[in-house]
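Below are the chains, spelled out letter by letter.
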Amino acid sequence: MTQKRTFFTATAIALAMSLPAFADTPQSGGTLNLIIQPEPPSLMLGLVQNGPTQMVAGDIYESLLRYDVNLDPQPSLAKEWDVSEDGLTYTFTLHDDVKWHDGEDFTSEDVVFSVDVFLRETHPRLRASLVHVESIEAPDENTVVFTLKQPFGPFLGIFEAGTMPMIPKHIYEGTDFANNEMNNTPIGTGPFKFEEWVRGSYIHLVKNEDYYIEGKPYLDEVYYQVVPDGASRAVAYETGQVDVLPGGSIENFDVPRITAMDNTCVTDQGWEFFGPHSWMWMNNHEGPMTDVNTRKAVMHSLDREFALEALWNNLGKLATGPVSSSTRFYDGDTPSIGYDPELAKQYLADSDYDGETIRLLPLPYGETWQRWAEATRQNLIETGFDVELVATDVAGWNQRVGEWDFDLAFTYLYQYGDPALGVSRTYVESNIAKGSPWNNVAGYVNPEVDALWQQAAVSASDAERQELYSQIQDIIVDDVPVAWLLELGFPTIYRCNVKDLVTTGIGINDGLRDAWIEQ
Amino acid sequence: MIRFILARLVKAAVILLAIMIFNFLLIHAAPGDPAAVMAGEAGATDEKFIADLRARFGLDQPFAVQLWTYVKATVQLDLGYSYRQSMPVIDLIWQRLPATILLTMTAFVIALVLGVIAGVLAASKQGTWWDTVISTLALLFYATPLFWVALMASLLFSVVLGWLPGYGYQTIGANYTGIDRVLDIGKHLILPATTLGLFFMAVYMRMTRASMLEMSRLDFVKTARAKGLSNGVIQRRHVLRNALLPVITLAGLQAGQIVGGAVLTETVFAWPGIGRLLFEAINQRDYSVLLGVFFVSAAMVLLFNLITDILYVLVDPRIRLG
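So the sequence lines, in the order shown, correspond to chains A and B.
Take 1 as the starting number for the first sequence in my numbering and just add one per residue.
Take 1 as the starting number for the second sequence in my numbering and just add one per residue.
A couple of the hints might just be wrong.
Here are the computed lysine-lysine pairs in the DSS-like style, where the Cα-Cα straight-line distance is at most 25 Å [as the list claims (entries may be wrong)]:
hint, chain 1, residue 1, chain 2, residue 2
1, B, K48, A, K169
2, A, K169, A, K317
3, A, K207, A, K79
4, A, K434, B, K48
Keep in mind the hints are simulated off the structure, nothing from the lab.
The model shown is predicted, which means the values in this text are computed figures rather than measured ones.
So here's chain A without its partners, still in its complex pose (with noise of 0.2 Å):
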């Protein structure tokens, strides 16, 4: 019965996922009305980089490139750019006329205030790696020329609005950036201009008619709507009350049922350029997860299928290693750590393991999460285990992971499409500090790989980076300072009179300027 039913749920997903997108004219006219959740708690993207405000002021702040789902630069605010052959120095050209939502012109002096001044002040994600960068210059009107200091090979993956949003200069400059008025009517160059939010309610977003790419954006108005229950979510979208419910919107075993409604759509695509990859911290400063064998023992322990399958929907894929398959460099011939109870007890019996109690720490992000720690658990006293778990909320999660005081804790990261972007953080030693929960929170160290992590980021040749990331792939699988779970699967639902939604490997975060309804 059981199979039965999530043969049905798996068909019944990929049928609707295999729906044929119409490459129809697009038609200009109608509203969008979309969830957002959680609320954001500012729409100013210079200040704010979480997920809710990254999704709707994606739409109000644009950056000067965009990423398809191969993750290969598009144009945005500019339209041509150019890399020195000794790749020290990126020369972008901007579009001719673009205005802020306010009518005045955004110029190059806008990028490097933007990202010397402002984002080099606000932005931490940014600032690691602006470190490389010597200098940013603005020659003329529409030019601006980055030089480094060495070569930094992701250094054109970094041009993303979330990552580096323009901010006005003539509203920003010489202000406290945090208590700057403006902050609450956000000025951008995106497709839409910010038009009300009422609070615990909805944000109203309209066209921007003075929108630099002729003709478009083809949507008038955007709505975002807040509701904060995940039943009531659905309910929203059951009723026709909202037409697009972003990936993560409801519970995972409600996806079956509302992907199954008549005009429904469903895509996977719109996170290749986030890569979102979910592990267990393994605790390497102390206690029981130090010693390899227990380590080896847990990743050997974890059913991550029976997880896919009926927790993910079979939405995303099983982890091989600390890289996503959708992000560069990416080399799936890594040691095996799959399922095998029998080895994991024999990884066990050779491990410093004596019976002490494991804590493991959801992630308190909803259901599907802690019914998954609940699977982890089972998983765990089957080989021998004794693991309670550790309910948290967000705040104590973050402060119980900043402050190493766990065993296990499930999270999950995003990887920005490059290995020395979003995953080198997770395993150099230098990033071992107390008080954040993005760091190397494992504490993992390992003189070899942070050398190899180093000699990778500052590599101009794309074939030595291959090289030296399957190098570090293939040793830190070995050590499992983690235990890898799954490459994340989020579907956006939508109704399929909803044309070009996902257009870019950002998804809805910048979508909505390609997006059209069929009247």
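We have chain A; now place chain B onto it with these hints.
Just chain B now, kept in the frame of chain A:
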């Protein structure tokens, strides 16, 4: 009388100050702080980012200084600024207050009216199947988790029957004005207010029923009967009037909690009220919003208690001043 009111006001102020300090200590005892949450949400942090956030939230100050700053500002009715939401806390509360008052007042009226009617009916038909059915139904609504009733109501009346909107405060994007807007909000109000009202209805029903039965056994009722009054007159004029006193007391106490909102109902029905603001602020450890909502809520409870005390003195001469 003025001295009585002044004495009560002083007492209320002392209690409010104690509540403020207690809330402050309680919130800071919970694991995690707003800087940690925001750093967590950013998906990447470095030492500068955390230090900047902590300075912005004032968390880099000694604990006693933070407490003193909070108390000093609050007694001047400055509820602070939410750096998370880039808005003064008082503005956030004012934005959400009307929706909460509308929901909780409507639910309160539904609960009170239905509860008293059902209680009277059950008491007057004590021991019959009427009594059993009413008591069972009331107990059922009281015992069933509120969020489950809310979800079932939403599924039935919104998804299956399509009669009522399943969530929200208004039809988004419709831009109704005037009477259309009133009707639109009213339509959205029916499910959450009824769900919440039915939950509290049970309390009033049981209180009314018990109080009515207790009054019926007292001597003055026997006297009324001996005087030859009809049963209807006795129930209406003598029993019900006296039985309602404890119900009114309870209603007075609950009215003070109105501003606290109804977290579960507001969450399930996406009702943009104070309850949700509070719930989200707890998750995000948005200290200034949390303390602001707690302060307003506590002040309202104290105010209603004060009003109840004054009314008691006015209506019941047996309660002496002082």
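- Would the pair K207/A and K79/A pass a check requiring their Cα atoms to be no farther apart than 25 Å? holds, 22 Å
- Message: Tell me if the straight-line CA distance from K169/A to K317/A falls inside 25 Å.
- Response: violated, 43 Å
- Taken at face value, is the distance from the CA of K169/A to the CA of K48/B at most 25 Å? holds, 23 Å
- Within 25 Å, alpha carbon to alpha carbon, are K434/A and K48/B? Holds: K434/A and K48/B sit about 13 Å apart, inside 25 Å.
When held up to the earlier numbered hints, the structure conflicts with hint 2 and nothing else.
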